[in-house]
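Peer 1: Use the sequences and the hints to build the structure in full.
So the number in the numbering used here is just where the residue sits in the sequence shown, counting from 1, plus 3.
These are computed hints drawn from the structure, not numbers from a lab.
A portion of the hints provided could be inaccurate.
Restricting the straight-line Cα-Cα distance to at most 25 Å, the calculated cross-link-like pairs of lysine-lysine (DSS-like) are [said to hold, decoys possible]:
hint	residue 1	residue 2
1	Lys237	Lys296
2	Lys213	Lys67
3	Lys245	Lys131
4	Lys245	Lys213
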Amino acid sequence: MVNGRPWPAFGEPVHAGCVGTILGTFSGQLDAQPGRIQESDEPAGNYVSLFCGDATVLYGHLDKEIEASTGDSVTTDTILGYVGNSGRSSEPHLHIHAVEGRVRNKSDLLYGAEPVLMLRLAPDVASKIEQIVFMGGSTDYGNDSPAAEFNLLCDPHAAQIVLDADIPKIMFGLNVTHQVIATPQRVQAMRDIGNDAGRVFADMSVFFEKVYRERYGFKGSALHDPCTVAWLLKPELFATRKMRVDVETNQGISFGRTVHDIWNLAGKECNTEVALRADSNGFFELLNSLLVKFR
Numbered sequence: 004m005v006n007g008r009p010w011p012a013f014g015e016p017v018h019a020g021c022v023g024t025i026l027g028t029f030s031g032q033l034d035a036q037p038g039r040i041q042e043s044d045e046p047a048g049n050y051v052s053l054f055c056g057d058a059t060v061l062y063g064h065l066d067k068e069i070e071a072s073t074g075d076s077v078t079t080d081t082i083l084g085y086v087g088n089s090g091r092s093s094e095p096h097l098h099i100h101a102v103e104g105r106v107r108n109k110s111d112l113l114y115g116a117e118p119v120l121m122l123r124l125a126p127d128v129a130s131k132i133e134q135i136v137f138m139g140g141s142t143d144y145g146n147d148s149p150a151a152e153f154n155l156l157c158d159p160h161a162a163q164i165v166l167d168a169d170i171p172k173i174m175f176g177l178n179v180t181h182q183v184i185a186t187p188q189r190v191q192a193m194r195d196i197g198n199d200a201g202r203v204f205a206d207m208s209v210f211f212e213k214v215y216r217e218r219y220g221f222k223g224s225a226l227h228d229p230c231t232v233a234w235l236l237k238p239e240l241f242a243t244r245k246m247r248v249d250v251e252t253n254q255g256i257s258f259g260r261t262v263h264d265i266w267n268l269a270g271k272e273c274n275t276e277v278a279l280r281a282d283s284n285g286f287f288e289l290l291n292s293l294l295v296k297f298r
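Peer 2: And the structure:
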């Protein structure tokens, strides 16, 4: 229903808009009651993320029955899923979001807050990348399995390709992003800025707070992906250490886990700079200094 009228596209199949490879999916979330916005850990609801060579395309708010799987090759005849009303949506609709993702120049920096699959899907771009900054993995525990973090668990083999690439890399895992917590006091400071940007950021932090409080016992939500951008802007906010990092690619209880050879016990060449500690207060000072510049 849309404005009280039946919407004929509800439940219609959603086809891939290009030839490409599935980067990741999220499924199983039930449709919301029309006219109401449900609380959701996934604002886009059930979704499919598709890599088309020059762009990454997200199809969101789908029905819970996703037809595609991570790693699938698709064409424009492939059905990805069906139009639904999942996630932060009051009415059924299809959300499509495309981001250009092809690296073109050697000076380009690859920023990865989504599953790191580009080098597996397009290995020719490696020679054009100067540095990779990504959020994923952890030096300790996981969040999508007891051992593994979500982004790298989506495709551990692709993650290992990235770690093996002869490109400078810096990794922000759960061990450091869980140090950057939007406590009630910090959320209020964002709101006190008095502009729309501060209020939106505060509202998003509050929205995710329940999950972190119930699952981890945190006093607020963790800001994962912004850590990578904060390091690009002010690297002194983080303490890092170069070490050997590999991903467990064999099926089993530790599938997708990142293994960090901090003491170089294996004698292998260090391949990744890993963030270990964060100046949380400095992070939020930087964030608020940027939010205040918006209206």
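Peer 1: Take the hints in turn and mark each one as holding or not.
Peer 2: Outcome of the hint check:
{"no.": "1", "hint": "Lys237 to Lys296", "result": "holds (17 Å)"}
{"no.": "2", "hint": "Lys213 to Lys67", "result": "holds (23 Å)"}
{"no.": "3", "hint": "Lys245 to Lys131", "result": "holds (23 Å)"}
{"no.": "4", "hint": "Lys245 to Lys213", "result": "violated (34 Å)"}
Consistency with the previously given hints fails for number 4 only.
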